[in-house]
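Listed here are the chains, written in short residue letters.
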Amino acid sequence: MEEKLKQLQKEAAELLEKVKESKEVEEIRVKYLGKKGALTEVLRSMGSLPKEERPRIGQVANEVRESLEKSINETRERIHAEAMEARLMKETIDVTMPGKLPVQGSRHPLTQALDELKEVFIGMGFTVVEGPEVETVSNNFDMLNAPPNHPSRDFSDTFYIDENTILRTQTSPVQVRVMKQTKPPIRVISPGRCFRNDTPDATHSPMFNQLEGLVVDEKSTLGDLKGSLEIFAKHLFGEHTKTKFRPHYFPFTEPSAEVDVTCFKCQGEGCPMCKGSGWIEMLGSGMVHPNVLRNCGIDPEKYSGWAFGMGIDRIAMQKYGIDDIRLLYENDLRFLNQF
Amino acid sequence: MLVPIKWLKEYVDIEIGTNDLADKMTMSGSKVEEIRRWGDGLDQIIIGEIEKIDPHPRADKLVVAQVTTGEKKLQIVTGAENIREGDKIPLALEGVELPNGMVIEETYFRGEASQGMMCSPDELGIPKHMVPEEFKGGIWILDQDAPVGTLFTDTVPLIEDVIEFEITSNRPDCLSVMGIAREAAATLNAELRSPQVSLKEEGTDWINSAKITIEDTEGCFRYVARRISDVKIEPSPQWMQQRLIQAGVRPISNVVDITNYVMLEVGQPLHAFDAETIKNQHIIVRKAEEGEVFRTLDGVDRELSAGMTLIADEKGALGIAGVMGGEDSEVTEKTTSIILESANFNQDRIRKTSQELGLRTEASSRFEKGMDPELCLLAANRACQLIEELGAGKIDSGVLDEYPKPVVPREATVRPEKVNGLLGTDISMDEMIRTLNKLEIEAEMSGEIIKVTVPTFRNDLQQEADFIEEIGRIYGFDNIEPTLMKGDIMVGGLSELQKMQERIKNTLAACGCYESLTYSFVSPSSADAIRLPKESFKRDFVKLLNPLGDETSVMRTSILPNMMEVIARNIHRNVPEARFYEMGSVFYSKLGESEDVLPLEVTELIIGIYGGEENFFTLKGIVQHLFREMGLEQITFESESNHPSYHPGRCAAIYSNGKLLGTLGEIHPMVSKNYDIDKERCYAAELNGDLLLELASVAPLYKSLPKYPSIVRDLALVVGESTPVKSIEDIISSYGGDWLESFQLFDVYQGNQIGEGQKSVAYSMTFRHAERTLKDSEVDEVVQKLVKELKEQIGASLRE
Numbered sequence: 001m002e003e004k005l006k007q008l009q010k011e012a013a014e015l016l017e018k019v020k021e022s023k024e025v026e027e028i029r030v031k032y033l034g035k036k037g038a039l040t041e042v043l044r045s046m047g048s049l050p051k052e053e054r055p056r057i058g059q060v061a062n063e064v065r066e067s068l069e070k071s072i073n074e075t076r077e078r079i080h081a082e083a084m085e086a087r088l089m090k091e092t093i094d095v096t097m098p099g100k101l102p103v104q105g106s107r108h109p110l111t112q113a114l115d116e117l118k119e120v121f122i123g124m125g126f127t128v129v130e131g132p133e134v135e136t137v138s139n140n141f142d143m144l145n146a147p148p149n150h151p152s153r154d155f156s157d158t159f160y161i162d163e164n165t166i167l168r169t170q171t172s173p174v175q176v177r178v179m180k181q182t183k184p185p186i187r188v189i190s191p192g193r194c195f196r197n198d199t200p201d202a203t204h205s206p207m208f209n210q211l212e213g214l215v216v217d218e219k220s221t222l223g224d225l226k227g228s229l230e231i232f233a234k235h236l237f238g239e240h241t242k243t244k245f246r247p248h249y250f251p252f253t254e255p256s257a258e259v260d261v262t263c264f265k266c267q268g269e270g271c272p273m274c275k276g277s278g279w280i281e282m283l284g285s286g287m288v289h290p291n292v293l294r295n296c297g298i299d300p301e302k303y304s305g306w307a308f309g310m311g312i313d314r315i316a317m318q319k320y321g322i323d324d325i326r327l328l329y330e331n332d333l334r335f336l337n338q339f
Numbered sequence: 001m002l003v004p005i006k007w008l009k010e011y012v013d014i015e016i017g018t019n020d021l022a023d024k025m026t027m028s029g030s031k032v033e034e035i036r037r038w039g040d041g042l043d044q045i046i047i048g049e050i051e052k053i054d055p056h057p058r059a060d061k062l063v064v065a066q067v068t069t070g071e072k073k074l075q076i077v078t079g080a081e082n083i084r085e086g087d088k089i090p091l092a093l094e095g096v097e098l099p100n101g102m103v104i105e106e107t108y109f110r111g112e113a114s115q116g117m118m119c120s121p122d123e124l125g126i127p128k129h130m131v132p133e134e135f136k137g138g139i140w141i142l143d144q145d146a147p148v149g150t151l152f153t154d155t156v157p158l159i160e161d162v163i164e165f166e167i168t169s170n171r172p173d174c175l176s177v178m179g180i181a182r183e184a185a186a187t188l189n190a191e192l193r194s195p196q197v198s199l200k201e202e203g204t205d206w207i208n209s210a211k212i213t214i215e216d217t218e219g220c221f222r223y224v225a226r227r228i229s230d231v232k233i234e235p236s237p238q239w240m241q242q243r244l245i246q247a248g249v250r251p252i253s254n255v256v257d258i259t260n261y262v263m264l265e266v267g268q269p270l271h272a273f274d275a276e277t278i279k280n281q282h283i284i285v286r287k288a289e290e291g292e293v294f295r296t297l298d299g300v301d302r303e304l305s306a307g308m309t310l311i312a313d314e315k316g317a318l319g320i321a322g323v324m325g326g327e328d329s330e331v332t333e334k335t336t337s338i339i340l341e342s343a344n345f346n347q348d349r350i351r352k353t354s355q356e357l358g359l360r361t362e363a364s365s366r367f368e369k370g371m372d373p374e375l376c377l378l379a380a381n382r383a384c385q386l387i388e389e390l391g392a393g394k395i396d397s398g399v400l401d402e403y404p405k406p407v408v409p410r411e412a413t414v415r416p417e418k419v420n421g422l423l424g425t426d427i428s429m430d431e432m433i434r435t436l437n438k439l440e441i442e443a444e445m446s447g448e449i450i451k452v453t454v455p456t457f458r459n460d461l462q463q464e465a466d467f468i469e470e471i472g473r474i475y476g477f478d479n480i481e482p483t484l485m486k487g488d489i490m491v492g493g494l495s496e497l498q499k500m501q502e503r504i505k506n507t508l509a510a511c512g513c514y515e516s517l518t519y520s521f522v523s524p525s526s527a528d529a530i531r532l533p534k535e536s537f538k539r540d541f542v543k544l545l546n547p548l549g550d551e552t553s554v555m556r557t558s559i560l561p562n563m564m565e566v567i568a569r570n571i572h573r574n575v576p577e578a579r580f581y582e583m584g585s586v587f588y589s590k591l592g593e594s595e596d597v598l599p600l601e602v603t604e605l606i607i608g609i610y611g612g613e614e615n616f617f618t619l620k621g622i623v624q625h626l627f628r629e630m631g632l633e634q635i636t637f638e639s640e641s642n643h644p645s646y647h648p649g650r651c652a653a654i655y656s657n658g659k660l661l662g663t664l665g666e667i668h669p670m671v672s673k674n675y676d677i678d679k680e681r682c683y684a685a686e687l688n689g690d691l692l693l694e695l696a697s698v699a700p701l702y703k704s705l706p707k708y709p710s711i712v713r714d715l716a717l718v719v720g721e722s723t724p725v726k727s728i729e730d731i732i733s734s735y736g737g738d739w740l741e742s743f744q745l746f747d748v749y750q751g752n753q754i755g756e757g758q759k760s761v762a763y764s765m766t767f768r769h770a771e772r773t774l775k776d777s778e779v780d781e782v783v784q785k786l787v788k789e790l791k792e793q794i795g796a797s798l799r800e
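Protein sequences, first through last, are from chains H and C.
Just so it is clear: in the first sequence, position 214 is 214 by our numbering, and no numbers are missing.
Just so it is clear: in the second sequence, position 450 is 450 by our numbering, and no numbers are missing.
Please note that the accuracy of each hint is not assured.
If you want a taste of the chain C side facing chain H, the calculated C-beta under 7 Å gives, among others [stated by the list, open to error]:
#1 T26
#2 G29
#3 T168
#4 N170
#5 D348
#6 E469
#7 F477
#8 G512
#9 S516
#10 V566
#11 N570
#12 V575
#13 A578
#14 S585
The list that follows gives simulated cross-link-like pairs (lysine-lysine, DSSO-like), each with its CA atoms no further than 27 Å apart [stated by the list, open to error]:
#15 H:K183 to C:K759
#16 H:K302 to C:K486
#17 C:K405 to H:K234
#18 C:K759 to C:K785
#19 H:K244 to C:K418
#20 C:K334 to C:K405
#21 C:K785 to H:K244
#22 C:K486 to H:K219
Everything labelled a hint here was simulated from the structure, so no lab data went into it.
Each residue gets a CB set at the ideal place from its N, CA and C atoms; glycine is no exception.
Build the full structure now, drawing on both the sequences and the hints.
Put into structure tokens, the structure is as follows:
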């Protein structure tokens with residue numbers, strides 16, 4: 001009987017090895033382990049064995065059954081794995097095919113350049129203020145100490161709506177509005193569209209964008225202006241950036257300075273962009289003229305302030321290497337999607 | 001302002017090189033634009049003499065010249081016509097390279113050897129427009145006493161560094177070599193030497209037989225005149241010609257050159273009249289009569305107006321004050337006596353006159369910046385001194401000087417504490433005074449303050465801040481320690497409104513939209529292009545008085561025309577599909593009795609799409625997504641068939657609680673046609689940006705996650721095909737009961753399976769109770785009620 005059991009085990013193992021589908025495994029299980037299966041049959045005939053042999057043969061029979069069950073399970077797993085392997089192979093794709101990109105638009109390069117500038121100043125405690133594009137002559141010129149016959153007031157420079165109303169030529173009138181409404185300390189930047197009567201060409205546009213800033217506080221100094229704008233330049237162009245403050249003239253500041261920064265193309269070596277000088281003219285700045293403070297109801301004996309302004313179009317053009325300002329306002333998708 | 005360095009060195013000692021000087025001057029406020037080096041490559045040009053000129057045997061237009069250098073005799077063939085035997089000329093010998101890169105070699109012209117070149121001024125680096133008339137197109141003929149065989153540049157002072165300064169509009173005093181010398185002296189801490197003027201006055205006494213009358217005292221503040229007799233008009237000497245050329249002025253003749261030289265030197269424009277043309281030697285400064293016609297020395301008849309100031313005599317006008325002299329009184333080669341004018345005019349008057357006449361001259365551009373009347377006498381005398389030195393005439397004795405109200409130097413005070421307070425420095429009072437003195441500003445200590453007397457040439461120094469700048473810039477901005485802002489810590493950042501704008505930009509970019517930026521001004525015809533109704537208030541444009549052109553002559557009342565232009569430009573450039581947005585201002589003329597003098601500026605947000613798979617619903621999807629991102633609820637879209645810019649069957653008005661938020665739709669083909677768009681369908685959404693921002697709310701509030709399961713019921717309804725789904729949804733919202741959590745349209749079907757003129761609309765509805773599990777029977781009851789309402793109100797039936 002023991003031999004018969006071993007024979008069954010061997011026979012079943014051989015069958016299982018050849019099996020390809022899980023249906024056949026079930027058939028084998030039924031054939032050997034089912035109610036009428038071969039092993040069951042053998043066990044039923046155990047009664048005919050002598051009493052002393054029964055435990056030993058019973059043990060062998062159990063071992064054979066366990067072994068068979070184990071083999072059947074293993075075979076099932078094997079078949080399952082093979083089937084999965086086959087399916088996965090069938091699902092092979094060409095991974096070098098292009099991905100499906102999500103749609104994504106972008107901000108205009110001018111907005112992106114402005115965002116970067118705004119971020120630096122916001123980090124320095126500035127808030128962002130805005131004002132109307134159509135302004136009064138008073139806010140744009142008179143309050144800002146522009147001499148009554150200053151050429152910038154001419155028809156050839158400024159767009160007029162009527163004798164008292166113009167398209168602002170700078171965003172400084174926003175600062176006038178702030179100074180009239182707010183008690184110092186003041187720390188604001190005012191970005192926005194400005195207009196000048198220039199025929200469009202590669203470097204001129206009748207509409208352009210500026211960012212100006214204003215600080216008014218007790219004991220504001222030219223040293224503060226220098227320190228703050230140096231930090232700004234380093235944030236924007238890197239730690240190695242140097243700044244140069246050259247005395248200049250603006251009607252609304254006194255003293256006034258133009259600020260050059262190390263050319264960010266050549267790092268000061270001299271290149272076509274900086275015309276060999278190693279410097280790029282970046283900002284106009286100065287201490288707010290006492291007349292301007294007075295015009296806005298701020299006592300220049302108690303408060304002083306400093307202000308600065310820069311052209312965003314020019315900064316964006318230099319930063320991105322754009323050689324024609326008109327491209328900024330054409331909005332060709334093939335231009336916009338480069339940023 | 002072009003300043004030749006050697007000229008500058010006559011008034012101030014400069015020990016450093018040109019580049020260093022340029023850097024230092026820039027840092028003290030006189031910005032250097034450019035450094036030009038004159039006379040490079042002329043060190044091998046020598047002076048030759050033409051001994052003999054013969055015609056070329058085989059060429060009509062050439063001559064063969066025999067030229068000597070003293071040591072060597074050469075034969076030179078030339079086409080120049082202005083040479084004569086005995087002339088002294090600049091000579092380039094074999095092997096010499098000229099500034100224009102030309103290398104001289106021995107050559108043959110039609111068989112005749114040519115062993116060098118006689119040079120023209122432009123071959124020696126003189127710009128063509130600066131070449132004196134006499135040498136135009138010919139060889140540079142030198143003075144008879146030029147030493148043959150010596151270096152050309154020893155005789156003609158051509159080698160020079162010239163610095164071009166940018167002079168700001170507040171510093172007209174720096175439009176002169178003297179003015180720059182003053183700045184250089186202060187910058188370099190060097191001594192300033194003013195020109196020393198003394199005259200021989202060898203002519204006759206003239207002032208008793210002549211007279212100046214200033215009638216127009218508003219227009220003319222001072223009039224100085226001197227007379228010169230025995231005038232001999234000839235070219236001025238080389239040193240003067242070269243300086244003028246280097247300073248950008250073309251030499252003409254001695255008298256004119258001297259007036260220009262003095263103008264460049266001290267800044268004062270001068271004018272010379274032919275004295276014999278002045279009736280009774282009586283000069284009258286008066287206002288022009290309206291419509292008076294006067295011929296200026298450029299030969300143009302000009303019609304004058306009453307606001308202009310004239311220089312006249314007893315019979316008529318001689319010149320337009322400060323702008324240009326007259327043809328009749330012009331100095332010519334025949335002139336034997338001249339009257340030299342050195343005057344001061346009202347800067348505003350000159351500016352207006354020059355503008356009205358469209359005539360801008362060197363003199364007018366100086367006068368309109370404001371000149372110092374104290375300069376008049378110095379300039380007249382300096383010119384006369386040069387006339388004497390150059391032998392151009394004899395100075396008649398005496399000077400006429402009408403100066404009704406001499407300027408009094410202004411006085412001011414400066415507080416050292418304020419200087420250091422504003423600059424952030426620690427400059428001593430002594431140093432402040434020294435600095436001001438160097439700039440020729442009288443300054444003295446008076447207790448705690450500095451008393452200053454402002455020189456008359458510094459009209460820009462009006463108040464304390466102006467002196468602070470003077471002290472600061474000479475001290476050096478680069479010497480001022482950079483500091484951090486003091487005072488209270490301030491928190492920067494964006495306002496809630498600005499953050500919302502950022503959110504709009506982010507959301508639209510994530511929807512594939514590119515931001516466009518377009519001009520705030522448009523063509524008035526844009527109203528027709530987008531088919532605005534005749535009575536629309538958007539046709540009431542804010543107009544520019546002086547636009548660049550019709551295309552940019554009014555402020556936009558809608559961004560739609562700009563968006564259509566952007567779309568059209570991209571279509572015409574074969575960009576197959578695109579999504580754009582722009583957020584910007586539109587401008588409405590002030591309405592009624594508004595107190596604000598300015599037009600109303602309203603923010604508009606526009607989205608425009610075309611091409612690819614775009615349709616009404618892709619755009620509506622973008623808009624709905626935007627609303628969702630901005631936390632806008634209760635938005636409704638209603639069919640709008642009367643908006644002239646849009647397709648009458650594909651346009652929706654967008655409302656928020658009854659307020660019109662905007663319009664969305666397919667662009668009307670007639671609008672597209674106005675932008676030369678033939679086939680492409682375009683879609684746009686115009687939203688009231690201000691209202692949008694007002695309604696937005698993005699502060700999220702957490703709601704606990706559902707604890708009990710939901711029950712989902714699908715509902716397929718058959719309704720008339722023209723029934724808007726909104727009417728179904730309104731009923732579902734109203735009668736869905738408290739447990740209806742959400743519902744969503746998932747299918748619309750039209751076809752054989754349902755009747756003609758009908759459509760099937762299918763919704764999936766989710767029901768949930770917050771505190772317990774719902775029973776199917778409860779939900780079924782709600783759905784049955786809902787179906788009943790749908791049937792009664794809009795005749796909807798359940799799809800079989």
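Here is how each hint holds up against the structure:
Using the Cβ-Cβ criterion of 7 Å, the hint placing C:T26 at the interface with chain H is satisfied: the shortest such distance is roughly 6 Å. Among the interface hints, the one on C:G29 holds; its C-beta lies about 3 Å from the nearest C-beta in chain H, closer than the 7 Å criterion. Restraint check, C:T168 versus chain H: the minimum CB separation of about 4 Å is within 7 Å; hint holds. Hint on C:N170 holds. Least Cβ distance to chain H is approximately 5 Å, under the 7 Å limit.
Interface hint at C:D348: satisfied, since its Cβ lies 6 Å from the closest Cβ of chain H, which is below the 7 Å cut-off. The closest approach between the C-beta of C:E469 and any C-beta of chain H is roughly 4 Å, which is under the 7 Å cut-off, so the hint is satisfied. The interface hint given for C:F477 is met, as the beta carbon of that residue sits about 4 Å from the closest beta carbon of chain H, less than 7 Å. For the restraint placing C:G512 at the interface with chain H, the shortest Cβ-Cβ distance is roughly 3 Å, inside the 7 Å limit, so the hint holds.
For C:S516, the shortest C-beta to C-beta distance to chain H is roughly 4 Å, which falls under 7 Å, so the interface hint holds. Using the Cβ-Cβ criterion of 7 Å, the hint placing C:V566 at the interface with chain H is satisfied: the shortest such distance is roughly 5 Å. Hint status for C:N570: holds, given a least beta-carbon distance of 5 Å to chain H, under 7 Å. For the restraint placing C:V575 at the interface with chain H, the shortest Cβ-Cβ distance is roughly 5 Å, inside the 7 Å limit, so the hint holds.
Below 7 Å, beta-carbon pairs count as interface contacts, and C:A578 has one with chain H at about 5 Å; its hint therefore holds. The beta carbon of C:S585 comes within 6 Å of a beta carbon in chain H, closer than 7 Å, and the hint placing it at the interface holds. For the proposed pair H:K183 and C:K759, the alpha carbon gap of about 66 Å is over 27 Å, so the pair is violated. For the hint linking H:K302 to C:K486, the alpha-carbon distance of about 15 Å falls within 27 Å, and the restraint holds.
For a cut-off of 27 Å, the pair hint linking C:K405 to H:K234 is broken: about 55 Å separates their Cα positions. The straight-line distance between the Cα atoms of C:K759 and C:K785 is roughly 22 Å, inside the 27 Å bound, and the hint therefore holds. For the suggested pair H:K244 and C:K418, the alpha carbons sit about 24 Å apart, so the restraint of at most 27 Å is met. A hinted pair counts as satisfied when its Cα atoms are at most 27 Å apart, and C:K334 with C:K405 does not qualify at roughly 37 Å.
Proximity of C:K785 to H:K244 is assessed by CA-CA distance (about 80 Å); at most 27 Å being required, the pair is judged violated. Restraint check for C:K486 and H:K219: satisfied, since their Cα atoms lie roughly 8 Å apart, inside the 27 Å limit.
Checked against the numbered hints above, the structure breaks hints 15, 17, 20 and 21 and satisfies the rest.
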